[in-house]
Amino acid sequence: MKTGLDPIYKAIASVRLPGAKRWLLVGIALALVASYFSGQFNRYYLGVWMDCGINIILAVSLNLINGHTGQFSLGHAGFMSVGGYTAAKLSLVYSPSVPPEWHPVLLCAGLLLGGLASAVAGFLVGVPSLRLRGDYLAIVTLGFGEIIRVIFQNTEAVGAASGLSGIPKYTTLGWTFGVAAITIYVVAALVNSTYGRGFLAVSDDEVAASSMGINPTRYKVTAFVLGAFFAGIAGALYAHHKQTLTPTQFDFMKSIDIVVMVILGGMGRTGGVILAAIILTWMPEMLRGFADYRMIMYALLIIALMMLRPQGLFALNFKRKGGGAA
Amino acid sequence: MSQPLLKLDQVTIQFGGLTAVSKLDLAIGDREMVGLIGPNGAGKTTAFNLITGVYQPTAGRIEFAGLPIAGLKAHELTKLGVARTFQNIRLFGSLSVLDNVRAATQLHRSHGVINALWRGRAFRESEKEVRSFVMDLLGIFKLDGCADEEAKSLPYGDQRRLEIVRALATKPKLLLLDEPAAGMNPTEKEALMHLIRFIQEKFQISILLVEHDMKVVMGICERIAVLEYGVKISEGTPAEIQSDPRVIKAYLGTEDDEENVEVVHA
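Listed in order, the protein sequences are those of chains A and B.
Taken in order, the first sequence gives residues 1489 to 1814; the numbers are from the numbering used here.
Taken in order, the second sequence gives residues 75 to 340; the numbers are from the numbering used here.
No lab work stands behind these hints, which were simulated from the structure alone.
Here the structure is a predicted model, which means the values were calculated and not measured.
Check before you lean on any hint, since a few could be wrong.
[Said to hold, decoys possible] Short, incomplete list of chain A residues facing chain B, as computed with Cβ under 8 Å:
1) Lys-1509
2) Ser-1523
3) Val-1674
4) Ala-1677
5) Ala-1689
[Said to hold, decoys possible] In silico negatives: residues of chain A with every beta carbon more than 10 Å from chain B:
6) Val-1521
7) Trp-1537
8) Asp-1539
9) Lys-1577
10) Ile-1627
11) Leu-1678
12) Gly-1686
13) Ile-1744
14) Ile-1767
15) Pro-1772
Every residue, glycine too, gets a C-beta built ideally from N, C-alpha and C.
Please work from the sequences and hints to get the whole structure.
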């Protein structure tokens, strides 16, 4: 860092704080512009890009828990399903009685409600289980995800095993990438504050963090609740994108997919995680030409990527270097 | 020393049948530098862990500024004004030097989630304040030059110093140092003694030094308590301790402490 560029770094560091909100607006504006022109895109590509947006939300929010705070959650699909089912049910009940021009508001309400329901679930799971660490926490969150799935599978009100269908298609490219921009902003703004250094401190050394006046439990629960909140929103967007929900969509493999994005992107590196979410969404699509061998190719490519870049796609460290003020 | 800052009253802890610390009385006054010494296995670290809340005493009371502190969690204790360092350095290795200290400031300047997201004027001002507070603190200890480096990349001596700076950032009234001289060569030990004395004068705080190395303790502490087999066998000024036959016997009684015996005789 001791180069002639030092004053420039300092200048960037000093404008980044007030500029953070501006970046958020730029992100949302870009998403809306893309959405405006989305009628001209190929429908298939459009659908995959919407999947990308949803996966970015999932991966970046899981990164707050697994990357920045150093916990190991395998329950993200479970939180996603809580949000998805909540919002889908809301839309199915109210969309016939709401005039079409109010449908975005209905979606917005669904996103918030889904997010909140999921955050509550995150709190209920997080408080007792965050005393556990590493593998043990992974097993508990895995169990939680399965319990949620089984509950949905046996609840007639949400269609039991056949799930919900006929969910109105409200999700657009603008919604997915707009929410993705908000998610990225929230996680980045949080972690890059004096308060947010607590997450990283807990991740590095819980005992030392506690001795520095940081309450590790509170930080872990905060990360868990926020992560679950955004997973719930992603689930709501997913529901209004796919238009059908079945419990099997939210099985353990879905959680693993998101964990892989975080690990491949590099734990705690937001930029890398975004890139990994995009790559891992497109990869299975690109491999459709291999027909039956598609998933084998997908698995092989992940193994190759992990062996070539075990530290994550981006060796660049966004959060911890480059002028601590940012 | 009217009302001691930290007071241990007949503190005892047993692990199964073993009494690791027995009926320990210890008081540390305001701005006092006290040493706790003893041969290997005397119960120094156990006593340290009792004060910092890692262990619960089986019997007895521990008070800080008149409040009972046994059973408090580490972060609650820090909130009251007790900071500590670790025998085996525990920095936030992947964070920068600056961020290590910054993380420790939030006790006094925490904004919570909403402010961190909204980033209003007050938040930005206070982030700037935190930064300058941390840089000043690092400057005092000549660590400001490497503020942006990863903490784990620092040389050993600097890591020890950084750990102390980090503890000071919590603005403690009492600083507990757990064997800070461990693994240091004589020159580094000399520098450490200067540093501890400097901290005590500059920040006007009380310091409890738990240390194996007699030379360091003798050199800087006003009062020293000596533990042997969990029992306090002596307490007094360095001169008194050096001439106390019980202390000499305790140190002579163990074979692996020859180095310390010389110091006692000297």
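Among all the numbered hints in the text so far, which are the ones the structure does not match? Checked against the structure, the hints that fail are numbers 2, 11, 12, while the rest are satisfied.
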